[in-house]
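A.B. asks: Dock chain one against chain two, each of which comes alone in its own frame, and use the hints as you go.
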Amino acid sequence: MTAVITTRGLVKRFGRLRAVDGIDLDVRTGDIYGFLGANGSGKTTTVRMLLGLVLPTSGEIELLGGRMPRAGRRVLPRVGALIEGPAHYGHLSGRENLALLDAAGPGGSWRTRRRRIDEVLEQVGLAGVGRRPVKAYSLGMRQRLGLAGALLRRPELLVLDEPTNGLDPQGITEVRELLLDLHRGGTTVFLSSHLLAEVEQLCSRVGVLDRGRLVLQDELATLTAPTGATVVHTPTPDRVRATLDGRVTAVDGQRVVVLGADPAEVNARLVSAGIAVNGLALERPTLEEVVLAATGTSTDRVDARP
Amino acid sequence: MIAVELRKMFRRPRTWATIAVLNALPVLVAVLLVVTDLAPRPGEGPPFLSAVLSNGALYPLAALAIVLPLFLPIAVAVIAGDSVAGEAQAGTLRYLLARPAGRTRLLVAKLIAVLAFVLVTVLVVAGVGYVVGATLFEAQPAVGTSVSGTSLTAQELGVRTLLAIGYVAVSMLGVAAFALFFSTLTDSPLGATMGALAVLVTSSLLFTLDAASPIAPYLPTRYWLAFVDFFRDPILWRDITRGLALQGVYVGVLLAAAWANFTTKDVTS
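Line by line, the protein sequences give chains A and B. For what it's worth, the numbering used here labels the leading residue of the first sequence as 12, then goes sequentially. For what it's worth, the numbering used here labels the leading residue of the second sequence as 6, then goes sequentially.
Treat the hints with care, since some could be wrong.
Cut-off 20 Å, straight-line C-alpha distance, at most; resulting in silico cross-link-like pairs (SDA-like, lysine to any residue) [to be verified]:
#1 Lys270(B) <-> Gly26(A)
#2 Lys270(B) <-> Glu95(A)
#3 Lys270(B) <-> Gly96(B)
#4 Lys146(A) <-> Glu230(A)
#5 Lys146(A) <-> Thr20(B)
#6 Lys270(B) <-> Ala147(A)
#7 Lys146(A) <-> Gln94(B)
Derived by calculation from the structure, the hints in this document are not laboratory data.
One chain only, chain B, in its complex shape (with noise of 0.2 Å):
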């Protein structure tokens, strides 16, 4: 069953053409740095942009903060928001069941497909990134500039880089679960798809306001950003267990809350 949502996932063209789309602008943006010469300055614009001048070794973190914010949760809200909604849509969920593939069985495999996606998203981002950073820049790889000014070893860099593209997995199968469910109570993909990206709009939005500062320790947004907190020295765990249990209580009770309504809903598409 799972073999099977992913050979449906990765022999679709759409799923690729994402992938590319979410490419292209680290890649626009690496062009338009070299052309101009015109680093941001440190503290401003995406993180770690301001340093890829100078270490092209660097581009990969650069080119995940740069799809982070906006388009790689559109991108994971797109392919989970249809993962359900999509079948039913299509009609081809009533076979699956009738199959019988088995309500649970079907969820899980479903979401080990949106969780594939995630990982192979990331890792393109993050290798395009290194290509790109590699060719288009003057690259460092035997040392790295930790954000706190220290260097580190290309070692240190390397497993760091790999936790932080772990970490935004993690805040990805966030929004993954947010539209999984949403596609459990639909049988519209685009409705799940925008239902998880209003809560992403409303979670950034509520994160700038002061009045909901009360609110905002658990807003599923919150911890996105911390995965920097890796590359500084020594590497800053506080935001980073705070992001990853906060997604991991999100994610555990958007997937129970997906299984109880679909295993008892009716299937009428």
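Chain A with its partners taken away, still in its complex shape (with noise of 0.2 Å):
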């Protein structure tokens, strides 16, 4: 697998403050990459770094192959991006504000700008919208509109901060379906967010940012592999601790989670002791247990120092 994003080192200071303080990040082909991050704690920081935006104090950045922010204008035109929300001219159609977006750079033809333009509008589901002006858009056909733009280009990478901010559970559930099907087709996805539903339910690896450090790095399916435990649900939780001595590490009303990988051999020795057992599962961590983990206090929190 090729990498897509790696960064060595990257670090930005603003000031004093350490904003990204030596991350490196991984990302390869066929990625969906969940950037998780508390409010504050350096992902959009990181997200303008890789986007040339902003420029790094230290580090090594490259994206598809160039070093960032030389060779902006030679990768950036393959990378689609929606940063912190969309922006348009207002007073323009959102078909005027993609053309104008498109003819703004090098990479996209006008020859098939019109044709392009009426694809991503399909796409992203404003294919009716007609002429009518940005200013009259709602915040969630902005959002729709940010994301044409992002696709305009067919793009090799997808860098997303926030994209369903501001939509409603069917826009989610729409940009969700969108992303899967444009990662079938081959586009790399990466995905700075602090919903972790919305990295879990899509991603496939998983990066952690707390206070301007990568804490985490790994594929979603190692990081919330089972644990050896097994969850057992019983209206008896007492009779499971007798039966199963020494094995039952917690119980928690109804919930007795027990030692050992293999659900089938603890549900036959629960039966056969006449045990009700009302459901079995393997233990596996949470994203959110994962996460919470990994990191330490909430970076919006601001504690006198002693």
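C.D. replies: Listed below in structure tokens is the structure:
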């Protein structure tokens, strides 16, 4: 697998604050990479550095095989981006906005422009929007138009910062389907978000940022791999404890955690002892638990120094 | 990229509203002059205005002289101050740069768009002035009178009018350079516009102060009214060339500073 985004020792300092503090990202072709982090953890600064908007204090960025920000003119036309919410010229129509954006840089031929705009508007569900100026759009429509702008040149890499912001539940589902569809077509997706559920549903790899440091980067399947314990739901937790002597590690109401990676074996022993079992599953950590274990307190929180 | 910027600017209703407002004042002055028949005495009021009652062909110049001290610089400062900071405030700057438009290319395109605005504005003011002058006053297109009192042929008058329009455009380019530079410093278009206007107000104020006479030749507004010198006989080139050189230096230095700042700045808007 080839690397799509690689950073080495990436640092950005704003005055005395180290907003991004030596991160080594590794995003490969075909990934849907979830870039998680609380507000203020340095996600947006990192995304802006990837796209050449913010210049790193030190460290290297390689984007689609080119060193950023120098290679921007060569590689950025192959990247579609949605950065911190959409932005458009309010007095112009959505179509006109897309045409202007496409004409503003290299890699978008004017011959195919009309057709490409029709296609992406169809894709994001704005085909019938007509000549209305963007200032009359709802937040969800603007978000869709921003996504359309990112898709305009069939990019190899999509860098999306909070793409479902402002969308209603149906809209979120639509965008998720669209991203999965594009991914099947070979697009690599770099998704920056603070919504754990969104990342858990979509992503194949996850990186977690905490106070400017990358505290975790791995396959989602590895992070949420079974822990080697089985979760039993039973109306009589005390009898489970008595039967499986010493193997019970935790009891929480009717939920009992039992050591042992084979639910069938646990079930057989409980049933043979005549204990009712309502539910049985391998214990897996949720992404939330993994992330909370890896990060500290919220970065919005500002405690007094002792 | 340049075409994109021009399209953006001239498709914006605000651009045309600004130009329309700019033309309202000379038209109002012309109407008042016709109704009252009270022209300012020679040497008083804006240049050329005393002469327009007898010769409407001079009204384009009178119109430029009316808008030059205040209205034209304000309009230019608004448009140029908005050029980069306005995109930053709307958030479209990050999408343009990630597209990638290229920072130098974007700045050059913005500059050319502002230049186009200056030219269009000056030409429209002169054009409306011509129409007003020809319809409201007794135009004598065959001959004109120079400021020195000699008469000019229609051809001479036309050429000199074009030269004067060009000179005014260059003076406004200086204003645009200030506003564009400030526009790369801040994310607030209003701040950039105000910064440029503050420079002009300071300059005009110092110009009237005797104690500031040592620096007077270097004030950006010092030679603005030198376009009148095109209508002396013979043309008095001294202030005109100095004005052009001074604006050239200001434009060069400010654009270099704007470029240096914009190409190395973190875009966090």
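A.B. asks: Now tell me, hint by hint, if it's right for this structure.
C.D. replies: Comparing the hints with the structure gives:
Note on Lys270(B) and Gly26(A): the hinted pairing holds, with a Cα-Cα distance of about 14 Å set against a maximum of 20 Å. For the proposed pair Lys270(B) and Glu95(A), the alpha carbon gap of about 19 Å is at most 20 Å, so the pair holds. Proposed proximity of Lys270(B) and Gly96(B) is supported: the alpha carbons are some 15 Å apart, at most 20 Å. Between Lys146(A) and Glu230(A) the CA atoms are separated by roughly 41 Å; this puts the pair beyond 20 Å, and the hint is violated.
Our distance criterion of 20 Å between C-alpha atoms is met by Lys146(A) and Thr20(B), whose separation comes to about 18 Å. The straight-line distance between the Cα atoms of Lys270(B) and Ala147(A) is roughly 33 Å, outside the 20 Å bound, and the hint therefore fails. For the hint linking Lys146(A) to Gln94(B), the alpha-carbon distance of about 15 Å falls within 20 Å, and the restraint holds.
Checked against the numbered hints given earlier, the structure breaks hints 4, 6 and satisfies all the rest.
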